[in-house]
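Enquirer: Chain residues, written in single-letter form:
Number of protein chains: 2
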Amino acid sequence: MTSVIDKMCQQTAGWLSGEGVDSDIVISSRTRLARNLQNISFVDRATEDEHRESLSKVLNAVQDNEFLNDGFYFDISILDDLDRQFFLERRLISTDFIEKDNPRGFFVTPNEETSIMINEEDHFRIQKLCSGFNLEETWHYVHQVYEELSRDLTFAFSERFGYLTACPTNVGTGVRFSVFIHLPVLTFTKEIEKVFAEMIPTGIAVRGFYGEGSKVIGNFFQISNQFTLGWTEQGILDRVIPFIKRFVSLERDARDRVMNDDRIIIEDKIYRALGILANVRILSSIEFLDLLSALRLGADLDMVNNINRKSFNELIVFTQPAHIQKIEGRKLTERERDTIRARLVREKLHFN
Amino acid sequence: MTSVIDKMCQQTAGWLSGEGVDSDIVISSRTRLARNLQNISFVDRATEDEHRESLSKVLNAVQDNEFLNDGFYFDISILDDLDRQFFLERRLISTDFIEKDNPRGFFVTPNEETSIMINEEDHFRIQKLCSGFNLEETWHYVHQVYEELSRDLTFAFSERFGYLTACPTNVGTGVRFSVFIHLPVLTFTKEIEKVFAEMIPTGIAVRGFYGEGSKVIGNFFQISNQFTLGWTEQGILDRVIPFIKRFVSLERDARDRVMNDDRIIIEDKIYRALGILANVRILSSIEFLDLLSALRLGADLDMVNNINRKSFNELIVFTQPAHIQKIEGRKLTERERDTIRARLVREKLHFN
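Protein chains in written order, with our numbering: chain A, 1 to 352; chain B, 1001 to 1352.
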């Protein structure tokens, strides 16, 4: 497996291409679908045999699936800590998935846009990511993959509730639509707090950089539906999409407004970030994301040139701790990582 | 007077030339001598007539003095707030001097190395500044000027105590020797706190950027004698000079040590400062001095090129609030000053 991981380490996932609708603000779109097999206990209550049964059934169906015929399967139990962290940073698996010890694994396509975790919280979860704002595309793709899987598998289903999942918030369709979105000016003006407060009763949630329970870093947010019970997939989509559109439009308005009213403050933030990133020698990943946020805004506002959107997106992933260590080929202390990160950033942004 | 002030505004005082012994660490050396006239009440207790008498007697003697034949006299009462602040920033007068309202003024030579405040706390105070570490030169010069003044003036003197001054700490010789010194690495390693603590019983005092009661900014300190009673001028000098030498040597040792042990941390500080100063759009005077301190250290350590010591010294003075406003020719808001300061710094450091 090492050579596959090493190869992944060199490449950029398709969903980081910086292409697609509104990709200045919406980094990526994601659909996740959760399902459990009929007549096998849910992961948290399953016996070792049941774990093996669900794993083998799902994996067989996945490897049979015409949409997934060139992917790789990773057995999590044989990956070391660094590789587990690496896949987490690639957003292919969850923290939960890393920490459990039941038989489990995940499948990923070469462009990393599609991945399937087997025996995480549910028997499996399909994830499809794409660059920019295009939730419908990700949903249609997941739906196709799922339809194909349904030929081989039968799912836990209740006439009353719909598809059954480990966590009640997923019962019904088992889908979650989310976007990874960059809202630097709404954050700067603090308007974002007001919009987030308004969202609480709508069932649309905002999370930090690494999803559930994580902090906001670099003005990057994950916005997703919290409701599914009683809704169709299209019904959820039709409700989520206008929310994201509203965020995009509020962010654009806020950018126009600050560029008229507080241009010098925004310029100061952007040029300072540029100056620091071009010269820094010790750089934590959190500080980096904060500075990257300013620099990316600078590019969006035509103040910073020669750095394309793909480079920004790549850096979000490549500067994370496990990536730095994979690139160097060994475990590193925090100081070593921060030093290498600083050098890597200067190189990638062509400052050297 | 406006044209003289405007001209001063364009020029750099001689003591900022960046020349002289140890001028990488010791920005400037200063001797100040305080005297009061016999048979005229001290400033705090004097009548209006007495104020005029001391002012006129001292000013006549100054203008008669062969060492001071090409200077300018400024009547403080006719200067506006901005000009008063300007002279304070030039270190030619004191905060006390600005705030009082008795008849008073000051005399300054064209290179600004010599100045005489009349009717501040004492009837007069002679100040001589020079670039680098050369307290003896400043003392010998002050002594010459003083000897010449003594021909025209008689001073308040006590057989028991020596020369009498308004503040008991100056009684005796009325001299204070001080240096303006840059100790970035001793500050960084926190060794400075230990050295300062050891100094307390010795009668040598450390003060901040603007002298008595002021904060430490940009790792610049003023070190001076607090004792004079019972000592000769040479005796004080012989005690102060080794202290300053010790600071210089401790700072040099600390620089060598961190360049061996923590080079990357020092590089990071220096290059960040460079990056920010080259790109900043809003810059307060305090942040500037902190960044300048790092950049100056970078130049001392051969990491930063193309900026000479004189430019650093000039910027310490020219970026202060009244200077920014004099250069622009009008009162400015804080935001305006911070914006102009940022532009000025980028220009002066040839970053634009």
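Treat the hints as calculated values from the structure; they're not laboratory data. Backbone N, C-alpha and C fix where the C-beta goes; we use that ideal spot for every residue, glycine too. Errors might be hidden in some of the hints.
[As the list claims (entries may be wrong)] Pairwise CB distance ranges, derived in the manner of DEER restraints:
1) 1259(B) to 328(A): 17 to 27 Å
2) 1190(B) to 80(A): 39 to 49 Å
3) 1190(B) to 75(A): 48 to 58 Å
4) 1259(B) to 215(A): 31 to 41 Å
5) 327(A) to 1264(B): 41 to 51 Å
6) 334(A) to 1195(B): 42 to 52 Å
7) 1264(B) to 80(A): 24 to 34 Å
8) 265(A) to 1190(B): 50 to 60 Å
9) 201(A) to 1098(B): 39 to 49 Å
10) 80(A) to 1260(B): 29 to 39 Å
[What the hints assert, rightly or not] From the derived model, a few chain A residues whose C-beta atoms are all more than 10 Å from chain B:
11) 148
12) 205
13) 238
14) 302
15) 339
16) 347
Enquirer: Are there hints from earlier that the structure breaks, and if so, what are their numbers?
Expert: Checked against the structure, the hints that fail are numbers 5, 6, 8, 9 and 15, while the rest are satisfied.
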